Each structure stands twice: as structure tokens, then as C-alpha cells.
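Based on the sequences and whatever the hints tell you, model everything.
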Amino acid sequence: MTPAGSSPSAAALSASARWRWWEFALLAAGLLSWLLLPGHALLLNEIAILALFALSLDLILGYAGIVSLGHSAYFGFGAYVAALFAKHVLPDPLLGMAAAILAATGLGFATSGLILRGSDLTRLMVTLGIALVLYELANRLDWLTGGADGLQGVVMGPLLGRFEFDLYGRTAYAYSLLVLLAALLFCRRLVHSPFGASLQALRDNPLRAASIGLSVRRRLVAIYSIAGGIAGAAGALVAQTAGFASLDVLDFHRSADVLLVLVIGGAGYLYGGIFGAIVFKLLHDAISVLTPQYWTFWLGLFLVVLVLVGRDRLVRPWTWWERRRT
Amino acid sequence: MSARREGVVPSTEAGDVVLETRGLSRRFGGITATDRVSLRVARGARHALIGPNGAGKTTLINLLTGVLVPSAGTILLEGEDITALAAHRRVARGLVRTFQINQLFAELTPVQSLALAVSARLGQSARWWRPLGLGTDRRVAEGCDRLLADFHLEDVMNRKVALLPYGKRRLLEIALAIACRPRVVLLDEPVAGVPEGERQQILETIDALPAETSVLLIEHDMDLVFNFARQVTVLVNGAIFAEGDAASIAADPRVRAVYLGEGHDGSPAQSRRDGARG
Amino acid sequence: MLTLLFDGISYGMLLFVLAVGLAVTLGLMNFINLAHGAFAMAGGYAAVLLMNRAGWPFLATLPAAFVIAAVAGVVLERTLYRPMYARSHLDQVLFSIGLTFMAIAAVDWFLGSQQQNLQLPPWLQGRFDVAGVGIGKYRLFIIAVCAALTILLQWVLSRTRFGSRLRASVDDPRVAAGLGLDVNRIFALTFAVGSGLAGLGGALGAEILGLDPTFPLKFMMYFLIVVAVGGTTTITGPLLAALLLGIADVMGKYYVPKLGAFIVYVVMIVILTLRPQGLFGRSIAR
Numbered sequence: 076m077t078p079a080g081s082s083p084s085a086a087a088l089s090a091s092a093r094w095r096w097w098e099f100a101l102l103a104a105g106l107l108s109w110l111l112l113p114g115h116a117l118l119l120n121e122i123a124i125l126a127l128f129a130l131s132l133d134l135i136l137g138y139a140g141i142v143s144l145g146h147s148a149y150f151g152f153g154a155y156v157a158a159l160f161a162k163h164v165l166p167d168p169l170l171g172m173a174a175a176i177l178a179a180t181g182l183g184f185a186t187s188g189l190i191l192r193g194s195d196l197t198r199l200m201v202t203l204g205i206a207l208v209l210y211e212l213a214n215r216l217d218w219l220t221g222g223a224d225g226l227q228g229v230v231m232g233p234l235l236g237r238f239e240f241d242l243y244g245r246t247a248y249a250y251s252l253l254v255l256l257a258a259l260l261f262c263r264r265l266v267h268s269p270f271g272a273s274l275q276a277l278r279d280n281p282l283r284a285a286s287i288g289l290s291v292r293r294r295l296v297a298i299y300s301i302a303g304g305i306a307g308a309a310g311a312l313v314a315q316t317a318g319f320a321s322l323d324v325l326d327f328h329r330s331a332d333v334l335l336v337l338v339i340g341g342a343g344y345l346y347g348g349i350f351g352a353i354v355f356k357l358l359h360d361a362i363s364v365l366t367p368q369y370w371t372f373w374l375g376l377f378l379v380v381l382v383l384v385g386r387d388r389l390v391r392p393w394t395w396w397e398r399r400r401t
Numbered sequence: 010m011s012a013r014r015e016g017v018v019p020s021t022e023a024g025d026v027v028l029e030t031r032g033l034s035r036r037f038g039g040i041t042a043t044d045r046v047s048l049r050v051a052r053g054a055r056h057a058l059i060g061p062n063g064a065g066k067t068t069l070i071n072l073l074t075g076v077l078v079p080s081a082g083t084i085l086l087e088g089e090d091i092t093a094l095a096a097h098r099r100v101a102r103g104l105v106r107t108f109q110i111n112q113l114f115a116e117l118t119p120v121q122s123l124a125l126a127v128s129a130r131l132g133q134s135a136r137w138w139r140p141l142g143l144g145t146d147r148r149v150a151e152g153c154d155r156l157l158a159d160f161h162l163e164d165v166m167n168r169k170v171a172l173l174p175y176g177k178r179r180l181l182e183i184a185l186a187i188a189c190r191p192r193v194v195l196l197d198e199p200v201a202g203v204p205e206g207e208r209q210q211i212l213e214t215i216d217a218l219p220a221e222t223s224v225l226l227i228e229h230d231m232d233l234v235f236n237f238a239r240q241v242t243v244l245v246n247g248a249i250f251a252e253g254d255a256a257s258i259a260a261d262p263r264v265r266a267v268y269l270g271e272g273h274d275g276s277p278a279q280s281r282r283d284g285a286r287g
Numbered sequence: 005m006l007t008l009l010f011d012g013i014s015y016g017m018l019l020f021v022l023a024v025g026l027a028v029t030l031g032l033m034n035f036i037n038l039a040h041g042a043f044a045m046a047g048g049y050a051a052v053l054l055m056n057r058a059g060w061p062f063l064a065t066l067p068a069a070f071v072i073a074a075v076a077g078v079v080l081e082r083t084l085y086r087p088m089y090a091r092s093h094l095d096q097v098l099f100s101i102g103l104t105f106m107a108i109a110a111v112d113w114f115l116g117s118q119q120q121n122l123q124l125p126p127w128l129q130g131r132f133d134v135a136g137v138g139i140g141k142y143r144l145f146i147i148a149v150c151a152a153l154t155i156l157l158q159w160v161l162s163r164t165r166f167g168s169r170l171r172a173s174v175d176d177p178r179v180a181a182g183l184g185l186d187v188n189r190i191f192a193l194t195f196a197v198g199s200g201l202a203g204l205g206g207a208l209g210a211e212i213l214g215l216d217p218t219f220p221l222k223f224m225m226y227f228l229i230v231v232a233v234g235g236t237t238t239i240t241g242p243l244l245a246a247l248l249l250g251i252a253d254v255m256g257k258y259y260v261p262k263l264g265a266f267i268v269y270v271v272m273i274v275i276l277t278l279r280p281q282g283l284f285g286r287s288i289a290r
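Line order of the protein sequences matches chains A, B and C. One rule links them: number in this note's numbering = place in the first sequence (from 1) + 75. One rule links them: number in this note's numbering = place in the second sequence (from 1) + 9. One rule links them: number in this note's numbering = place in the third sequence (from 1) + 4.
Misleading hints may appear alongside valid ones.
Derived DMTMM-like pairs: lysine to aspartate or glutamate, alpha-carbon spacing no greater than 25 Å straight-line [what the hints assert, rightly or not]:
(1) C/K222 to A/D224
(2) A/K356 to C/D133
(3) A/K356 to A/D323
(4) C/K257 to A/D323
(5) C/K222 to A/D332
(6) A/K162 to A/D323
(7) B/K169 to B/E198
(8) C/K257 to C/D216
(9) C/K222 to A/D217
(10) C/K262 to C/D216
(11) A/K162 to A/D217
(12) C/K222 to C/D112
(13) B/K169 to B/D159
(14) A/K356 to A/D326
(15) A/K162 to A/D279
(16) B/K169 to B/E116
(17) A/K162 to A/D224
(18) C/K262 to A/D224
(19) B/K169 to A/D279
(20) A/K356 to A/D332
(21) C/K262 to A/D217
(22) C/K262 to A/D326
(23) C/K222 to A/D326
(24) B/K169 to A/E98
(25) C/K262 to A/D323
(26) A/K356 to C/D95
(27) C/K222 to A/D195
(28) C/K222 to A/D323
(29) C/K257 to A/D326
(30) A/K356 to A/D241
(31) A/K162 to A/D241
(32) C/K141 to C/D216
(33) B/K169 to B/E221
(34) B/K169 to B/E151
(35) B/K169 to C/D95
(36) C/K257 to A/D217
(37) C/K257 to A/D224
(38) C/K257 to C/D133
Hints were generated in silico from the structure; no laboratory data involved. Please read all numbers here as calculations on a predicted model, not as lab measurements.
Here you go:
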């Protein structure tokens, strides 16, 4: 290893790649939450899954700059693959997870060619279209997917042969946490590598990225596939921990929600998905208690205010009426 | 690799041509931006490309680097046809450019940008497991150090590019190109709008480029052009108007007329005096 | 088969009127307004309410729908949309989705989630039988109205001063502003008219497309298809795209009901992948 003192560049780069204290704190908080909040395991499980989903979106939106309104396609695909795997092949959760990740990565790879060219609007439409196509497919192939009723009769085997999924969700939460942790470690390595830097370069300036010799196409294909795989993992978690998969996993609101989660938490630093998921879920639960039917309205209002004010100013209310410094 | 010539002033007529275009043309609808340009850049050249505004100099650079697709003609690099080659592959072959308007990575720092460029040059830009610039291979970090020092960017190396002053950005703009160790570097108005302090630094680094690197420089500043260049090509209305060594171009009355007496469309001084346009 | 073609054309023309405002908005201000469907919904509900609760005749509700949606457009544009023009596309998407959600929930709260029924006046009900081809009276009416609107739009665009100002602003807003055109005012007016047209389309389409609170989301994709495939620099581009879409959808649903809307999405994806600027458009991206 290059001794940090001898090269200023190496020192600077290793400083930016070093683990921060709050990353450790976050990991500790995750572990503690499992230990100390067993009564909330179901909610925490949902948060972990949403965070994983948002992490996958962060890769393509925060690091590669691809605006997607259809990320639920890979989430839902992973969910169905995991559920079908458990139902027709083997009920082992880890094998099912592997199958779902593989399948979702494959789907990401297959569809990546579609988002290579075009403006933001084109990409938005194409990604939306992909998700809608998948939704329609799941709807039509009801002999396979159970259609609008959902896939029934999915019974998950015990995790690692020993830990049963219980009604309280403790096993589920531990499982989701571990998958989230694994994904986070993987993504962390990825974004600090030359590949990760090249992604940010092509997000910031695709023209210049090509002008220093980087192949923009290949990188987009690679990251889109990887993000698809991780989204599929999140979907698999939903299917496996609930023992059920329905059309809801492919619904547009999933894509919109995860986008909002990432925007709340902040895109481009890898942890935005986690923070955003926590805030989003807590907000959702709080508002659902007050006005059960009209979450959509408050969500919409929140979106509008968030964008008008700007996320960075949201937490400083005294700046809301200042003119925006462009 | 062919033998390097040092201390010899290459001429565009000599055999060792590193970059060449043959009849290169580019049309946009009814407008011919590049008109059958046949240009030869010799190895180790200090070659300036000048011409009035709108002459098509940047279009030519865009064609050479693959940003634009030519309507006709061919481009040869080291004798090989690269006309159909993708832009990023031309960089790997040693053809690199800088941009007239800074094209940088706003959210990265100079050290990250340069480390990435050096990694790309070393073929490591796709590595996803090891952190950028770290590890047992020290070439990335060392290359980065050298570039930061040469381009006077050490004091801002950890600041996001979006927060850098213009002069530093311009230095980084050129540093990024040099990080690719180009065989041929196309500099598009490198000192345009740069404050005096950084201007000197930029000029020094251009002067310090290795003798075997061929440089094609677009510039408006005539002092800079005639201080730096050994060969000059004059482009007017997309076509080559005059070519030769610096001294003869400086003395050429037609070139003077094009520059000093031109109207908005590059017409000679005569009609300007007559037409009395604004 | 001809009946299907006829139905497809009427559907397409309706889509055109609904989507043309979106096309111009995008082309003019480079603003992705996913809330466009909400204006259509507003017009539709306005027409239904005026007819069912205030007893207005059907024909009178149509201009009312236009006006109400246009006014809503003006108000929102001045207050909420203006600060968003310079923002990133992602911000615009989030913003307009947020507005859409709010509109959907508000309609659901005040008017319930069931589909609204519009009682057509007797002279628009039923069909003509022309040489064995069934031609629905209402669909004929729709084609007539939309065709008239299209001609009017084309005339405004090419023959009036406002039209040429609009075209200049779409072509290059910076240059247009530099020439002294008040691009903001042009846009406000255009946005209002576009929203008004959407409202009119919503009223016209209430009977055919089905009007309920999820209308904006259900049809958002179709509007976007019209705009993305048809391009934003002409009127004829979106018109052709809308007609193609309408015919394809109607034919698809009849001949291959299992696949339905699926085909439309796939075709759109293919088109956009091969030609990111749309079938008829110049490059949308700036």
C-alpha cells in the first residue's frame, strides 16, 4: 500500500474513501434496532427493504445521472422471481434471493440498451414504459403470476436451514438488514473505485468523460444492470418476508415513492436511501394514522414543497422565502 | 514506435505526419462549416490554427475528435484511418483535446478528476474493487501528484470543481488532457479569458510539453501564436486559406487583410470601406 | 374494420387535443409537465358537474371546461410553475407528479372515486350506418370538433403574429428574448391555452375514456407518447403520432385483447430507442 505520507494524491484519495464515524454509528444503530425494538420489527423490515431499493436507484440516479420513473420493474421482477422460485423450485430464501438477483440483473442488462441515448424525457418515458410493459405482462400472464389476485401459496423455508420466518418479523428484519449491509458494502467499494469515479464523471459531463477515453455506453450498461440486480434483491426481500407477491410490486407508485425517498435523503452519497427511507416510512405511518385515505394528497404536497423550496433548504425554514441563489 | 526527432524543425511537407485529414467536410443543412480541409500535422509540431470568428476551427476539432461525424473525407492518425472510430477510442490512440469552454466534472475534485484520467490512460478505469488511486500500483497516485504540481493545482486539489475560480478551472481543463499522455493534443483557445497569473502558468505548461508531442493550437492572440507556433494554418469560411511557417504567414498580406479588414462574413477590407457597415 | 379505423381516428384526435398543450409546453420552455393530465381531469369534472348538478346543456359545458382549465393553468403557472423553469428535469418531474397526486386526492375527497357519467344529449347518441360501416354520432362529433381545433391551431401558428412569435420562441428562446419578445408572457398564454385544450379534451373524452380520479395517471403515458414520438417543434408531428397511437390502441385492443396496451408501450419503446427525438421531431434535448 502506498504510504499516505509520501503522496498527496494518495493521501487525499484515501481520506475520501475512509470510513466516517457516522457510517459506523449507522451500522451500530441498525444492529441495536434489531436488538432493542423487537415490537417494531415489521416496520423496520419495510424500512430496510425500501432503503435497499433506494440504494439501487442511487446508483443510477445519484452516480450515473439516469432519471428513471420505472425502477419498480426490477423490484417487481425480483419479487416475482423469488416468489415463483420458492413456490416451484425450492423454498430456501438464500437460493431464491440469488435467483432473483441474477434474473433482475439480466433484465437490467437486457433493457439497458434502451436508456443509452436520448434526453431526460426520453429516458423517463422509456423507463416508465418498461415498468408498464412488465406490469401488463404480469397482469396477462395470470396463470403464472396469479394476476390481480397475486401469487398465493408461497411458503418460505427457514433461513440457513434454522431461522424460521415468524409473524413478528424478527428473522425477516435480520435477513433484510444483512442483505442491505452486504449491498451497501459492495456499493461502497464500487463508488470509490475507478469505475465509480468514471460513473460520476459521465454523470457530470458525458462529453468530457468520452474525451478522456471512457466508454460511456459500457459503463451505463454495467451500472444499470447492477442497479437492476440490487432492486431485484429488494423485491425478493418483500416477497420472501411477506410470503406473497402481487401486481403492487410493479405499480407506478413504487417507482414514484422510491424516487421521493432518494430525493429526501439525498442522491449521490450512497446513504441517502437509508435516511430517506426512514423519514418516508415514519411520515407515511404518522399521516396514515391521521388521514388514512389521503396519503396521496400529503405526499403530493410534500413533493411540491420539497421541490419548490429545495431539499437543502428544507431543513432550514428561515431560508424558504429567500430568493434562490442559482 | 518510430524514432523521435529532437531539435529538428519538422515541416508539414516532410514524411512524418502524425495527424492528417483528406478532403474533410461537414455540412449542416445549407451551411458548409468545414470545406474540403486537407490538413497535415507533423510529429512534434507546434502548429497553430487561426482564422476569423466563425471560420470553423472548433468544428474542425470536433470532427477530428469524433464529436461530429464528417459529411465527407477521411481522418488519419499515425497513418491509420480513424474516421469511423468512436470518440473515446481516439483518446486511447493518443488523440486528445481541450475545450474552449471548460468541460469539467463539477462534483469531483481536481485530484479525483486527474486520478480518473490517469487510471483511464493506464487502462484501469473499469476496476471496481480497489479504491481509486490507491493500492500497490503507485502509478496513478504518482502521475496525479506530478500533474497537480505541474499545473499549480495543489492548493485546490481537494475542492469540488464547481467551487474553483476560472483560472484554476482552465488549468485543470488542460491538465486533464495532458493526463492522457497524448501523442497529439488539440488545444482550443487555452488561455481565453484567463487572468494574467494563470495565463503565464498555462503558457509555461504548454511550452513544457514533450518535444515529441504534436500540438495543434487554436488561438486568437497573435502574440501567443507567433511566439509559440512553427507552422500556421489559416482557416476562413471552413476552408484552408493559407498555410506555411509562422514567419511567412505573419508577412502574408492576404492574411492581414482577412484579419484586419474583415467584415462579419470575412469579406476583404475593400467592401468594408465602401459599405460602411456598423 | 372500418368502424375500428373510425373509432381509432376519433380516439387519436381526442388524444391530440389533450396532448398538444403538453407538446408546446415542452418545446417552448423545456419543461416536463406530468400534471398535464390533471388539467384534462379538471375540465372533464367541470363539464360533468355543470351538466349533472347545474343542468347545463352539453354543448355549453365544452367552452366552460376550456375556460376553467385555462384559468387554472394561468393561476398555477404564475404562482407555482414559474420558479420551476430553470430547475432540473428531475425537479420538474417530481414537482408535477406531486401536483398530480394532490389533484387526484382532492377530486377523490370531494367527488368520490367512482367513474363519472356524462349523459350525452339525444342528438349525439346512436350511430349512422353508412354503407355497412357503423359511425357513432358522438365519435363523429369529436372528430369534427378536434379537426376544427387543429385547423384553428395551425392557422394561429402560421398566420398570426402571436403564432410567429410562438414559433420563434420555441425555436430558440434566448434569441427570441434577445429580439425583444416577452417569452414569459408568450409562455403564460400558451400554457393557458394548452391547459384549456386539455380541459376541453377531458370534457369531450369523459364519455369515451372514462372519468375518475385516476385519469391523469392512466393517460399520462399516452400524452407523453404523443409528445415524445411526435416531437415538439410542429403541430403535425403530435397530430400524426396521436392518430397512430389512437388507431394502434383501438385495433390492438380489438384484435389482440390479451395484449392490449402492452403493444403500444413496446412500440413506443422501440421508436424512442431508434430515434430518441421521436418520429417527427427535432432533438428535444437542449
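So, going through the hints one by one against the coordinates:
no.: 1; hint: C/K222 to A/D224; verdict: 20 Å, holds
no.: 2; hint: A/K356 to C/D133; verdict: 58 Å, violated
no.: 3; hint: A/K356 to A/D323; verdict: 17 Å, holds
no.: 4; hint: C/K257 to A/D323; verdict: 23 Å, holds
no.: 5; hint: C/K222 to A/D332; verdict: 17 Å, holds
no.: 6; hint: A/K162 to A/D323; verdict: 19 Å, holds
no.: 7; hint: B/K169 to B/E198; verdict: 24 Å, holds
no.: 8; hint: C/K257 to C/D216; verdict: 21 Å, holds
no.: 9; hint: C/K222 to A/D217; verdict: 21 Å, holds
no.: 10; hint: C/K262 to C/D216; verdict: 24 Å, holds
no.: 11; hint: A/K162 to A/D217; verdict: 15 Å, holds
no.: 12; hint: C/K222 to C/D112; verdict: 15 Å, holds
no.: 13; hint: B/K169 to B/D159; verdict: 19 Å, holds
no.: 14; hint: A/K356 to A/D326; verdict: 18 Å, holds
no.: 15; hint: A/K162 to A/D279; verdict: 44 Å, violated
no.: 16; hint: B/K169 to B/E116; verdict: 6 Å, holds
no.: 17; hint: A/K162 to A/D224; verdict: 16 Å, holds
no.: 18; hint: C/K262 to A/D224; verdict: 17 Å, holds
no.: 19; hint: B/K169 to A/D279; verdict: 12 Å, holds
no.: 20; hint: A/K356 to A/D332; verdict: 10 Å, holds
no.: 21; hint: C/K262 to A/D217; verdict: 11 Å, holds
no.: 22; hint: C/K262 to A/D326; verdict: 19 Å, holds
no.: 23; hint: C/K222 to A/D326; verdict: 12 Å, holds
no.: 24; hint: B/K169 to A/E98; verdict: 22 Å, holds
no.: 25; hint: C/K262 to A/D323; verdict: 20 Å, holds
no.: 26; hint: A/K356 to C/D95; verdict: 21 Å, holds
no.: 27; hint: C/K222 to A/D195; verdict: 21 Å, holds
no.: 28; hint: C/K222 to A/D323; verdict: 15 Å, holds
no.: 29; hint: C/K257 to A/D326; verdict: 21 Å, holds
no.: 30; hint: A/K356 to A/D241; verdict: 22 Å, holds
no.: 31; hint: A/K162 to A/D241; verdict: 18 Å, holds
no.: 32; hint: C/K141 to C/D216; verdict: 24 Å, holds
no.: 33; hint: B/K169 to B/E221; verdict: 33 Å, violated
no.: 34; hint: B/K169 to B/E151; verdict: 21 Å, holds
no.: 35; hint: B/K169 to C/D95; verdict: 23 Å, holds
no.: 36; hint: C/K257 to A/D217; verdict: 18 Å, holds
no.: 37; hint: C/K257 to A/D224; verdict: 23 Å, holds
no.: 38; hint: C/K257 to C/D133; verdict: 23 Å, holds
Comparing the model with each numbered hint stated earlier shows that hints 2, 15, 33 do not hold.
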